[in-house]
Amino acid sequence: MTEPLQSFNWKDSNYERPGNDWVCGRMCELGQCCRLGPDSQGGCQVQSRCQPEKKGEKYVCTRAAVHGGKCKEGPTEEGKCCQADTSCQPHRSLAAKRRLLSCIATAAGVLFCLFLFGGSSPTPRLAPGDVTAAHAAIESDCQACHASAEGGLGHWMHAAFDSDGALKDSARCLRCHKELGENALFAHSLSAGRLSEKTRQIQETVPPTATPFALELAAFTDPQSAKDQLTCATCHQEHHGRKSSLTQLTDMQCQNCHVRQFNSFEHGHPGLGDYPYERRSRIYFDHNTHLNRYFVEDEFKRTMPGGIKPKSCQTCHTADASGRFMLTGTFEQTCASCHESQIQDIEFPGVPFFALPEIPTAGEAESVPWPRTTGVFGTARLPRMMELLLSDDPEYQQAVQELGEIDYRRLDQLNESEQQALAQIGSAIKKLLYEVSIQGESALEQRLGKAGTAYLQMKPSIVPTLKQAQLLWFPDLISEMEQGKAAQKQATSAPDESQQKKQHFLPDSSGGWSISNPDFTIRYRPLGHADPLIKAWLDQAVQKDLRVLAQDQLWQIFSSPTASGTEATPGALASGRCLMCHTVDRNLQNGTARINWQPLKLSSAGEHFTRFSHRPHLAFGGRQNCETCHTLDPSGTDLTTVLQKHFFERDANNISWKVNDNPDQVCTSGFQPVNRQSCVTCHNRTTKTQSCLQCHQYHAHARVTEE
Numbered sequence: 001m002t003e004p005l006q007s008f009n010w011k012d013s014n015y016e017r018p019g020n021d022w023v024c025g026r027m028c029e030l031g032q033c034c035r036l037g038p039d040s041q042g043g044c045q046v047q048s049r050c051q052p053e054k055k056g057e058k059y060v061c062t063r064a065a066v067h068g069g070k071c072k073e074g075p076t077e078e079g080k081c082c083q084a085d086t087s088c089q090p091h092r093s094l095a096a097k098r099r100l101l102s103c104i105a106t107a108a109g110v111l112f113c114l115f116l117f118g119g120s121s122p123t124p125r126l127a128p129g130d131v132t133a134a135h136a137a138i139e140s141d142c143q144a145c146h147a148s149a150e151g152g153l154g155h156w157m158h159a160a161f162d163s164d165g166a167l168k169d170s171a172r173c174l175r176c177h178k179e180l181g182e183n184a185l186f187a188h189s190l191s192a193g194r195l196s197e198k199t200r201q202i203q204e205t206v207p208p209t210a211t212p213f214a215l216e217l218a219a220f221t222d223p224q225s226a227k228d229q230l231t232c233a234t235c236h237q238e239h240h241g242r243k244s245s246l247t248q249l250t251d252m253q254c255q256n257c258h259v260r261q262f263n264s265f266e267h268g269h270p271g272l273g274d275y276p277y278e279r280r281s282r283i284y285f286d287h288n289t290h291l292n293r294y295f296v297e298d299e300f301k302r303t304m305p306g307g308i309k310p311k312s313c314q315t316c317h318t319a320d321a322s323g324r325f326m327l328t329g330t331f332e333q334t335c336a337s338c339h340e341s342q343i344q345d346i347e348f349p350g351v352p353f354f355a356l357p358e359i360p361t362a363g364e365a366e367s368v369p370w371p372r373t374t375g376v377f378g379t380a381r382l383p384r385m386m387e388l389l390l391s392d393d394p395e396y397q398q399a400v401q402e403l404g405e406i407d408y409r410r411l412d413q414l415n416e417s418e419q420q421a422l423a424q425i426g427s428a429i430k431k432l433l434y435e436v437s438i439q440g441e442s443a444l445e446q447r448l449g450k451a452g453t454a455y456l457q458m459k460p461s462i463v464p465t466l467k468q469a470q471l472l473w474f475p476d477l478i479s480e481m482e483q484g485k486a487a488q489k490q491a492t493s494a495p496d497e498s499q500q501k502k503q504h505f506l507p508d509s510s511g512g513w514s515i516s517n518p519d520f521t522i523r524y525r526p527l528g529h530a531d532p533l534i535k536a537w538l539d540q541a542v543q544k545d546l547r548v549l550a551q552d553q554l555w556q557i558f559s560s561p562t563a564s565g566t567e568a569t570p571g572a573l574a575s576g577r578c579l580m581c582h583t584v585d586r587n588l589q590n591g592t593a594r595i596n597w598q599p600l601k602l603s604s605a606g607e608h609f610t611r612f613s614h615r616p617h618l619a620f621g622g623r624q625n626c627e628t629c630h631t632l633d634p635s636g637t638d639l640t641t642v643l644q645k646h647f648f649e650r651d652a653n654n655i656s657w658k659v660n661d662n663p664d665q666v667c668t669s670g671f672q673p674v675n676r677q678s679c680v681t682c683h684n685r686t687t688k689t690q691s692c693l694q695c696h697q698y699h700a701h702a703r704v705t706e707e
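When we follow my numbering, the leftmost residue of the sequence shown carries the number 1, and every step to the right adds one.
Everything labelled a hint here was simulated from the structure, so no lab data went into it.
We put the beta carbon where it would ideally sit given N, CA and C, even for glycine.
Each hint should be verified, as a subset may be incorrect.
Restricting the straight-line Cα-Cα distance to at most 27 Å, the calculated cross-link-like pairs of lysine-lysine (DSS-like) are [as the list claims (entries may be wrong)]:
#1 178 / 168
#2 54 / 80
#3 198 / 178
#4 58 / 72
#5 54 / 72
DEER-style ranges, computed between Cβ atoms [as the list claims (entries may be wrong)]:
#6 263 / 236: 17 to 27 Å
#7 191 / 688: 27 to 37 Å
#8 628 / 544: 42 to 52 Å
#9 544 / 136: 54 to 64 Å
Construct the complete structure from the given sequences, taking the supplied hints into account.
Encoded structure:
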């Protein structure tokens, strides 16, 4: 055990020098190293051949003993060595390779540090490429997009291992892109609740189809939840050059998270449902009835001799500046030639806004007699305008409580206390006329208060006509009301009889207002389409509770689609058919409502996944081109169809029609929904115009919507 394991004499042991820089080539290739090994420069020291020396007439071998000694064969007769060259190609040892690699790495690290810290700011040198043209102005300001750029190199190193780093960067994107809203980092910029609702709707209405193999593989990754936030970089990749697109995505990228996946728009895309009819139109117009019934040549000439029939769809509908939306023309451009004359009620005396009830005993104990003591009152209640103006009068309120649900058409069977209460109402009406005569518009402001602001803005004003009515019906009213005051004040306040008569016969300059002496009423006859006073009244009235609205005479008059009239307006009232065309939208959650006086109005809010531009689809123009996609619905055109259920419904007694104020329903205005196969005719694999982004937008909340 005391003997050495190996003899290290060069004659007895092979070369083993692991600490040297070179290793014998034979050792690396054959596992058998030579006795000498490489020299310090990496050259092989084995010399199997010699330079023969001539001694006498013969050549002798001169190979040294360290290289194997003299060979037995000896040189040839010509003096050449007969041995082959057996030298090898040495290789670097493992230790040498490690030393070399360490030196290279150290040098590279030093150069990298010099590169980073050699200037005033090292962060621009980390940019992997140019940003897009839209972000070129902030390219040198890395902090504008990257939160880790604020702390220098250390923060960059930390960001590589920070799982929330991308979300922090996305928050910086939203500093500029504020239009994306508070849910910008959720899928489609929708709240988690809304996204879950949309997902559930798709699962319930869209049947599953064959899923592409690539998407099946993607399903093995962690699926996105509606509650998960997505970073901007998930879809928008920067630093790919000035001309790169941040919004261009493949169809596979779009469908990666969808619950219903398919091959393409041409193959597997779900049907379009009721698109584009997400809700009923704001202006009621039945295209089917007009095109197939009213616009038929002979029928149109017979019923509308002065009308102008549209030549094509674009007679009424024109594209907006962007070319995306088809806008509807104004009433004067599209409807007036046929319907303007129908709206003007030339023979109609007007709608009563103010009326004196029959009070037989009102003038017995008063100096100013009540002008109307006989006759039949037209309605069961006072006009709504009078009720509003008298609502805060204590005398009127006391009388109303005494009378209860009085019918002003039947006042001949009142007892004594009720007659006194009726006289109080007459006194309150005279007081109202007196205040208006003296104070004018301010009297209405005091009586209506803040709640009646909208009524005060109605033009033309009723005040001039009320003053004329006071002079006509109660010529001594001001003297009576100011009895007991100084005579001088009485003289300046009350006009004399001649002045009263002069004012009475002055032409009425208050627009559509008029005084009707036979029934002691102040009436308003609409001036035609878009009458400002009627429009303002309906806008205010529609906000009321439905039970109150049902008792509003003016609402009943101007909301009747059939113009059948009411007890206050016997006979047809064409100008009262405002809501035959203008729909009412009521929010069932908060009770608010509005009348759609205009058709489509565009704004920059709302939820829209689909976008469509009419401009490229109107290349050939004309009605025929429109009907390629918008096909008329072959339904009937009788009266029941004209008054469609989406817009009108029967009242509780099934006697008359009333407006349907629920907008959350689909009505196609006489057209069938757009068929997907019509789109596939042009949008297919051959034309390469069927990508998801051709029709859909990812951020669905901040796009054009209807109002």
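- Query: Okay, which hints does this one fail, numbers in order?
  - Reply: none
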